[in-house]
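A.B. asks: Spelled out, the chains give:
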Amino acid sequence: MSKLTTEEAAKILEKYGIEAANVDELIQEHAEDIEAATFTGGNQIDSPSCTTNNVCRGC
Amino acid sequence: MNQIGTFLWTDGINFFDTLHKKIYNKRPRKVYDKMAVTKKLLAPPKTLQLSLIPTWSCNLRCPHCFVLKKLNKNLTPEETQIENLEKFIKWHQDKYTHKKLTGLIIGGEPLLFPDICMEYIKLIKSFGGFCTLTTNMSVPINDKIIEIYNILDQSQVSIDGPEEVHNKTRFFNLNMIDEVKTKPNLFVQVIENLKILKKHNLTKKIHVAVSIRKDLEQKKAVAEIKLILRALGIENITIGHIAESAYYNKTQQQKITSMREMAKPCCSFRYMRHFVVQGNKLYADYFDRKEASFLGSLDQNFEKLPIKYEAHLKQNMPILKDKTCLSCSALPICWGQCVGHTLFDNFVPSEFCNQQQMIDKMRGFLENPSYIENLKKDESNT
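If you read the protein sequences in the order shown, they are chains A and B.
Counted from 1, the first sequence has number 27 at position 27 by our numbering; the numbering is strictly sequential.
Offset between the second sequence (1-based) and our numbering: plus 1000.
Source of the hints: derived by calculation from the structure; they are not laboratory data.
Ideal Cβ positions, reconstructed from N, Cα and C, are used throughout, including at glycine.
Hints may be right or wrong, so weigh each one.
Distance windows between CB atoms, simulated [to be verified]:
{"hint": "1", "chain 1": "B", "residue 1": "K1122", "chain 2": "A", "residue 2": "T6", "range": "38 to 48 Å"}
{"hint": "2", "chain 1": "B", "residue 1": "L1042", "chain 2": "A", "residue 2": "E7", "range": "53 to 63 Å"}
{"hint": "3", "chain 1": "B", "residue 1": "N1301", "chain 2": "A", "residue 2": "Q28", "range": "51 to 61 Å"}
{"hint": "4", "chain 1": "A", "residue 1": "A21", "chain 2": "B", "residue 2": "E1310", "range": "56 to 66 Å"}
{"hint": "5", "chain 1": "A", "residue 1": "A21", "chain 2": "B", "residue 2": "E1147", "range": "26 to 36 Å"}
{"hint": "6", "chain 1": "A", "residue 1": "D24", "chain 2": "B", "residue 2": "E1164", "range": "17 to 27 Å"}
{"hint": "7", "chain 1": "A", "residue 1": "T6", "chain 2": "B", "residue 2": "E1086", "range": "50 to 60 Å"}
{"hint": "8", "chain 1": "B", "residue 1": "E1310", "chain 2": "A", "residue 2": "N22", "range": "50 to 60 Å"}
{"hint": "9", "chain 1": "A", "residue 1": "T5", "chain 2": "B", "residue 2": "P1306", "range": "51 to 61 Å"}
{"hint": "10", "chain 1": "B", "residue 1": "E1164", "chain 2": "A", "residue 2": "T5", "range": "12 to 22 Å"}
{"hint": "11", "chain 1": "A", "residue 1": "A21", "chain 2": "B", "residue 2": "H1200", "range": "12 to 22 Å"}
{"hint": "12", "chain 1": "B", "residue 1": "K1204", "chain 2": "A", "residue 2": "A21", "range": "14 to 24 Å"}
{"hint": "13", "chain 1": "A", "residue 1": "E19", "chain 2": "B", "residue 2": "T1324", "range": "46 to 56 Å"}
Below, in silico cross-link-like pairs of lysine-lysine (DSSO-like), each with a Cα-Cα straight-line distance of 30 Å or less [unchecked claim]:
{"hint": "14", "chain 1": "B", "residue 1": "K1122", "chain 2": "B", "residue 2": "K1205"}
{"hint": "15", "chain 1": "B", "residue 1": "K1168", "chain 2": "A", "residue 2": "K15"}
{"hint": "16", "chain 1": "B", "residue 1": "K1204", "chain 2": "A", "residue 2": "K15"}
{"hint": "17", "chain 1": "B", "residue 1": "K1205", "chain 2": "B", "residue 2": "K1070"}
{"hint": "18", "chain 1": "A", "residue 1": "K11", "chain 2": "B", "residue 2": "K1204"}
{"hint": "19", "chain 1": "B", "residue 1": "K1308", "chain 2": "B", "residue 2": "K1281"}
{"hint": "20", "chain 1": "B", "residue 1": "K1100", "chain 2": "B", "residue 2": "K1144"}
{"hint": "21", "chain 1": "A", "residue 1": "K15", "chain 2": "B", "residue 2": "K1220"}
{"hint": "22", "chain 1": "A", "residue 1": "K11", "chain 2": "B", "residue 2": "K1122"}
{"hint": "23", "chain 1": "A", "residue 1": "K11", "chain 2": "B", "residue 2": "K1195"}
{"hint": "24", "chain 1": "A", "residue 1": "K3", "chain 2": "B", "residue 2": "K1323"}
{"hint": "25", "chain 1": "B", "residue 1": "K1308", "chain 2": "B", "residue 2": "K1323"}
{"hint": "26", "chain 1": "B", "residue 1": "K1199", "chain 2": "A", "residue 2": "K3"}
{"hint": "27", "chain 1": "A", "residue 1": "K15", "chain 2": "B", "residue 2": "K1198"}
{"hint": "28", "chain 1": "B", "residue 1": "K1144", "chain 2": "A", "residue 2": "K3"}
{"hint": "29", "chain 1": "B", "residue 1": "K1220", "chain 2": "A", "residue 2": "K3"}
{"hint": "30", "chain 1": "A", "residue 1": "K15", "chain 2": "B", "residue 2": "K1199"}
{"hint": "31", "chain 1": "B", "residue 1": "K1125", "chain 2": "B", "residue 2": "K1323"}
{"hint": "32", "chain 1": "A", "residue 1": "K3", "chain 2": "B", "residue 2": "K1195"}
{"hint": "33", "chain 1": "B", "residue 1": "K1070", "chain 2": "B", "residue 2": "K1304"}
{"hint": "34", "chain 1": "B", "residue 1": "K1308", "chain 2": "A", "residue 2": "K11"}
{"hint": "35", "chain 1": "A", "residue 1": "K3", "chain 2": "B", "residue 2": "K1204"}
{"hint": "36", "chain 1": "B", "residue 1": "K1198", "chain 2": "A", "residue 2": "K11"}
{"hint": "37", "chain 1": "B", "residue 1": "K1205", "chain 2": "A", "residue 2": "K11"}
Partner residues are not named here, just some residues of chain B that face chain A (Cβ under 7 Å, in silico) [what the hints assert, rightly or not]:
{"hint": "38", "residue": "P1184"}
{"hint": "39", "residue": "I1191"}
{"hint": "40", "residue": "E1224"}
Chain B with its partners taken away, still in its complex shape (with noise of 0.2 Å):
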């Protein structure tokens, strides 16, 4: 599904309507009603989106990792209830008729417990779900994650350049060395990896956003990953710089000042209905660090959890409270929370934006003939 079809395309609502005439006439910015915009965040709908975590535990230390402060220190599972995942997703399908249902297996580094990444993908793919797993790509490939990429839809590997750059970039969990015996040297093994998922025509369903340190940048670099990636069968390569840590704030603080000059959308709110399954619990952001998107538990009445979610929202999402946003042109792609709303308490999402160049991609978009049949046929599909 293309997700910024379906906010062009299908939203009833005049703001929306209202959003191609803006950009192209430039008529005087209108305040967005805040009741509207939440109207419009709490609509039924159209895709259940679930973030299922099999392990906060991760076997590496990457110092540019979002939720480094949620791993856990040792290796240790989350406890799953798959039958109350199951009867959660038919009650969410009988309340809102939604037709979509993605699940992304996400942690942690999940592939250290493929029994339970394949317990959620079977569940997944049970309903016709489309699911996807995010890894690093560095615990040893045994015959168990050889079946799980048998029957994911989609994987997606981070890298951050090739050998040197990578190894500088990343680091080892200590405390788990000798649990998952990864090799000490970290790019090898991905490769290695790599390698045997390609033996078994498994690397067509690999995503590699290869992230580059900004102080590492180099194109040679760039050309040397691509080329080894594209000899292992990999197409789906994006290449961008690496997203500064939370756990070094000054850092991401520069990477938010740096947004201002990439126009680049980013919201955990918009779109569809999302929910991270932890365990029996369920949570509205994957980065909530303070339990503060708590929702409830899955062997609970599910009646409450939209109520919870819609005040969750309301009190949570930046561009609420944000009138420079609530006027922005690009607010039906954007939504304004950026990378800040969970690293800084009072977010404001516009002292961080280019507004200009933020709209000035959105009429890119819609001036791509090829873009807005795309859209049409996702929207005609959905």
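Pulled out of the complex, with its shape left as it was, chain A reads as follows (with noise of 0.2 Å):
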């Protein structure tokens, strides 16, 4: 898994003018969903209370 060092976090954020105190946590955090994450094309039956499934086609 590719997971971003607090250094490279740090240095995106700033690259961006984005103001975060808590980068460890934040990289911990989506480390976890990337881990999990299914590239499925869409989310429509994960996400069924989703308001946008009926035209949205996960795009």
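Put the two chains together into one complex, using the hints given.
C.D. replies: As structure tokens, then:
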């Protein structure tokens, strides 16, 4: 898994002028998500309550 | 509202009652009665969903856009008839006594015409409805757009990955750069807009659908975009592959073929009565490129609309012509239209479907206690 380091993350946020005090927490949070991420082409069935299901096609 | 829940728990027609048994007992399949399927589809709707189109203009020309061929070349708004739309919603509510109303503002790029968006949102909210707006977030944010996000319930923003990936995937509409003064770096424009919304504490209303082209799929790219979005206060993020283009038909065909591995139900005919409001015209299908789903005008008598809607559904819904679909246990959540309906003539959904995977996915839902509880809660609130 390609996890970002604290330095990499801080650099990315700095590039876009985004302030975040909790960079380490953000990295940890999304690392778990990325591990679990499934590239299914859309989330209609995983998010059945999504109000745009009708038309979105997951794009 | 949970849409799958609506079907599993409230349907009075026998073939839906057998859904659970069919999955668990693996009974021999029975072909659903086509009339019964149609009857279910035409039952009084519990929800009225309106897709509201302020414009078919867009400041971008993304090759993966599903409505690329419908987009206007230049900056052109649709002529709205808010008073007549209000009459239509009232008429629909009186006729069907439905409890829910949702308005999805989409286009084109709706934020090119914030005044029209505002009119639509106010109307939907005046009926107690839920209003969402789908945007590429690359129109520079102004006070009017801030005002929109203040009263909007939810907004979907589509991003194709971090800067390099996003900018490789998306393209400007060269006809409109002067009119909208869009900055040359699209990704930076999106982030700048999101930063403004964060300052106003409005990013919690945003759902970002991150779709990355398969050949650009990199876990680090996903990590980067999620970091940026989370730092902007956006928690509602989904990751997926980009849906290939209707414009590039060959790619689209590959996409549909790949659906065999996805078990991805998707059908605009299911779940609710859905009208597309384009100016003063009503359509049944957002993807319609041939005016085939035109139902009528907002300044006409509404009583004929259900007849036209029914005729459109019977003529166009692919599963009604596909015996494999009509015998499928997953039909009540799938409805078989997939993405092929508006792209190919004589589309046969079962030829592109991995039926067993679809059924397995449904079983996964039904075996999840918290999912079932949520469905029941949704149902009791309906």
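A.B. asks: All hints are to be evaluated individually against the structure, with a verdict given for each.
C.D. replies: Each hint, compared with the structure:
no., hint, result
1, B:K1122 with A:T6: 38 to 48 Å, "holds, 45 Å"
2, B:L1042 with A:E7: 53 to 63 Å, "holds, 60 Å"
3, B:N1301 with A:Q28: 51 to 61 Å, "holds, 60 Å"
4, A:A21 with B:E1310: 56 to 66 Å, "holds, 57 Å"
5, A:A21 with B:E1147: 26 to 36 Å, "holds, 30 Å"
6, A:D24 with B:E1164: 17 to 27 Å, "holds, 25 Å"
7, A:T6 with B:E1086: 50 to 60 Å, "holds, 54 Å"
8, B:E1310 with A:N22: 50 to 60 Å, "holds, 55 Å"
9, A:T5 with B:P1306: 51 to 61 Å, "holds, 60 Å"
10, B:E1164 with A:T5: 12 to 22 Å, "holds, 19 Å"
11, A:A21 with B:H1200: 12 to 22 Å, "holds, 20 Å"
12, B:K1204 with A:A21: 14 to 24 Å, "holds, 18 Å"
13, A:E19 with B:T1324: 46 to 56 Å, "holds, 55 Å"
14, B:K1122 with B:K1205, "holds, 17 Å"
15, B:K1168 with A:K15, "holds, 19 Å"
16, B:K1204 with A:K15, "holds, 23 Å"
17, B:K1205 with B:K1070, "holds, 28 Å"
18, A:K11 with B:K1204, "holds, 24 Å"
19, B:K1308 with B:K1281, "holds, 13 Å"
20, B:K1100 with B:K1144, "holds, 27 Å"
21, A:K15 with B:K1220, "holds, 17 Å"
22, A:K11 with B:K1122, "violated, 41 Å"
23, A:K11 with B:K1195, "holds, 17 Å"
24, A:K3 with B:K1323, "violated, 48 Å"
25, B:K1308 with B:K1323, "holds, 25 Å"
26, B:K1199 with A:K3, "holds, 28 Å"
27, A:K15 with B:K1198, "holds, 17 Å"
28, B:K1144 with A:K3, "violated, 39 Å"
29, B:K1220 with A:K3, "holds, 7 Å"
30, A:K15 with B:K1199, "holds, 18 Å"
31, B:K1125 with B:K1323, "violated, 42 Å"
32, A:K3 with B:K1195, "holds, 24 Å"
33, B:K1070 with B:K1304, "holds, 27 Å"
34, B:K1308 with A:K11, "violated, 57 Å"
35, A:K3 with B:K1204, "holds, 25 Å"
36, B:K1198 with A:K11, "holds, 20 Å"
37, B:K1205 with A:K11, "holds, 27 Å"
38, P1184, "violated, 16 Å"
39, I1191, "holds, 5 Å"
40, E1224, "holds, 6 Å"
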